[in-house]
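*Asks:* Protein chains in written order, with the working numbering: chain Z, 1 to 222; chain G, 223 to 538.
By construction, these hints were calculated from the structure, which means they are not laboratory data.
Small disclaimer: the values here were computed from a predicted structure and weren't measured.
Heads up, some of the hints might be wrong.
[Said to hold, decoys possible] Okay, the calculated beta carbon distance ranges per label pair:
id, chain 1, residue 1, chain 2, residue 2, range
1, Z, 152, G, 282, 14 to 24 Å
2, Z, 69, G, 275, 17 to 27 Å
3, Z, 189, G, 472, 49 to 59 Å
4, G, 531, Z, 107, 31 to 41 Å
5, Z, 172, G, 420, 41 to 51 Å
6, G, 280, Z, 172, 36 to 46 Å
[Claimed, not checked] Some chain Z residues flagged as far from chain G (calculated, every beta-carbon gap over 12 Å):
id, residue
7, 42
8, 52
9, 145
10, 153
11, 218
[What the hints assert, rightly or not] Derived DSS-like pairs: lysine-lysine, alpha-carbon spacing no greater than 27 Å straight-line:
id, chain 1, residue 1, chain 2, residue 2
12, G, 248, G, 417
13, Z, 47, G, 417
14, Z, 91, G, 417
Think of the CB as a built atom: it goes at the ideal place given N, C-alpha and C, for glycine as much as any other residue.
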Amino acid sequence: MKREHNGGITRRDLMIVGAATAATYAFPKVAYGQANVEAPASGEALKALDASLKSEVSFTVNGTARDIAVDNRTTLLDALRETLQLTGTKKGCDHGQCGACTVSVNGRRINSCLTLAVMHQDDEITSIEGLGTPDDLHPMQAAFIEHDGYQCGYCTPGQICSAKATLEEIRAGIPSHVTADITGPIEASDDEIRERMSGNICRCGAYSNILAAIKDVKGQNA
Amino acid sequence: MRAFSYERASSPQAAAQAAMARDNAKFIAGGTNLLDLMKLEIETPTHLVDVNGLGLDTIEETDAGGLRIGALVSNTALAADERVRRDYGVLTRAIVAGASGQLRNKATTGGNLLQRTRCPYFYDTNMPCNKRAPGTGCSAIEGFSRSLAAIGGSDFCIATYPGDMAVAMRVLDAEIETVDPDGETRTIPIADFHKLPGETPEVENELRPGELITAVTLPASVGGRHFYHKVRDRSSYAFALVSVAAIVNEDGTGRVALGGIAPKPWRDETAEAEMPNGASAVMRRLLADAKPTEENQFKVPLAERTLAAVLSEAKG
Ligand SMILES: Cc1cc2nc3c(=O)[nH]c(=O)nc-3n(C[C@H](O)[C@H](O)[C@H](O)COP(=O)(O)OP(=O)(O)OC[C@H]3O[C@@H](n4cnc5c(N)ncnc54)[C@H](O)[C@@H]3O)c2cc1C
Ligand code: SF4
């Protein structure tokens, strides 16, 4: 499926605009109630209040500089998917429990649903779209295809970003819960890989094939 | 999520001032607990003060031979630090027993200490909860309490402190350094940092309004063998039902603190004097005042068996 960028408004766009509008309208009441401030009398004060709820932020995504203006509430996940239309990163639980939204920020994997876009000024973000392209797959993407590391595919972008980081973290000597000797070098054993991938849930249960894919890439690097 | 304004603080004291200047402001560090709770409207700050980028993200050696861990050091960086792995193994073990790789990359030392309970009723805004909405009552005492506190609770709240890192810091006698809006600094021993619920379960720690955690210090290494055993419903990526942080010396003496069983990391120096006499001797004292519910009474023998497993591993 390809999204249209011809200026025509899709049903989905309409829903997004609708949600944004509702949020803007709903705000003053909520904010006054919460902060106990007087309701601004003038339109100017209302505009200032409204402006205080939005921010501009600049970061790079997959090597491209991006400047965006967002409602402060926007998570990095929503900024990628909704603002920048990079829909490869998936929203699963939206509470840091499933790992579908995993991306890399400054070389470290994180859950993009539990961080605000405005907190990423000057950061370097890599999403699944930045790993490879259909014609030039990242080895981890190729291995997931080769080993059937998915069924429905929804968790797959997060799994792949996490899998790549898992091998990097083992190589960097970052210990895990199953590391027997935390002062020595770490073997990329099956147990190590499984433990480090436990933040990525797969409802289809493709775990054994995901493990096979990661081991395959580990072998290629050795 | 409720709308909020946002600012990046320019120094620790400026952050404390910014938080103090508004009624309903909060610091945000990794965001992994705060944003979760804001999405559910359990936390509803109207202003966020971002404390990343204040230079509080380094680990330095202290004159006393210990370590000063900046409040913004990530859980991953702390667990992986060579000095921590070598001299404070219980801390590395506790951190990597918690959350997931992604979360530990974002979670910070200060934020981890302040993470809020995982009581299911605290999370369910349709249910009474004295911690979330003071005065509404506690749904857990007569409800599902399997995961909750068996000791240290009150008639107002039986929530546990859910974290792992702080349990290890408790056996290590860590201290928490803070700065307030006037620039005054103070040091709080971790034993005094988390509070029991009493009649005010919404007050969870010693921090005053606007006070920012700047660092956690560890005294010089005390040697010994370090253990963190965490018992949970699945073998990874779950909160503790019971956890044991322990340092065991050659002669059988040592230190022990429990997690997952109380509103704060649970340690009693007179109970741990019993360590050479075995796990049941320790637990008879440490959990003497336990008041478990029917659903969580299993935690008392479970804590003893977990310590017994640690002690036998230390011998072996
Ligand atoms: C799915 C999931 C599973 C998890 N599993 C575990 C687990 O098994 N074990 C475990 O221990 N934890 C677990 N956690 C919790 C995790 O460890 C915490 O969310 C994290 O440590 C919080 O750190 P943070 O920097 O993200 O805090 P934030 O969310 O940024 O802040 C938390 C609180 O601390 C305050 N704060 C932050 N920094 C400071 C400071 N310097 N001074 C004063 N106040 C400050 C904030 O205002 C906020 O109230 C889990 C979390 C999730 C989402
Ligand atoms: S145990 Fe505490 S957090 Fe849980 S419902 Fe009762 S008051 Fe709320």
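*Asks:* Decide, hint by hint, whether the structure agrees.
*Replies:* Hints and how they fare:
Taken as a hint, the range 14 to 24 Å is violated for the pair residue 152(Z) and residue 282(G), whose Cβ atoms sit roughly 48 Å apart. The hint said 17 to 27 Å for the Cβ distance between residue 69(Z) and residue 275(G), and at roughly 21 Å that hint holds. Checking the proposed 49 to 59 Å range against residue 189(Z) and residue 472(G) shows it is violated: the Cβ atoms sit about 31 Å from each other. For the hinted restraint 31 to 41 Å between residue 531(G) and residue 107(Z), the CB-CB distance of approximately 38 Å keeps it satisfied.
A C-beta distance of roughly 45 Å is found between residue 172(Z) and residue 420(G), which places it inside the suggested range of 41 to 51 Å. For residue 280(G) paired with residue 172(Z), a C-beta distance near 18 Å fails the hint of 36 to 46 Å. Chain G leaves residue 42(Z) outside its interface by the beta-carbon criterion, the shortest separation being 19 Å against a cut-off of 12 Å. With a closest Cβ-Cβ approach of about 4 Å to chain G, residue 52(Z) is found to fall inside the 12 Å limit, against its non-interface label.
At roughly 23 Å, the least C-beta separation between residue 145(Z) and chain G is larger than 12 Å, which holds for a residue marked as non-interface. The claim that residue 153(Z) is not at the interface with chain G holds, since no C-beta of that chain comes within 12 Å of its own (minimum 20 Å). No Cβ of chain G comes within 12 Å of the Cβ of residue 218(Z); the nearest lies about 16 Å off, and the non-interface call holds. Only pairs whose Cα atoms come within 27 Å are accepted, and residue 248(G) paired with residue 417(G) is accepted, the gap being roughly 20 Å.
With a C-alpha separation of about 42 Å, the suggested pair residue 47(Z) and residue 417(G) falls outside the 27 Å cut-off, and the hint is violated. For the given pair, residue 91(Z) sits about 36 Å from residue 417(G) by alpha-carbon distance, which is inconsistent with the 27 Å threshold.
Of the numbered hints listed earlier, those contradicted by the structure are 1, 3, 6, 8, 13 and 14.
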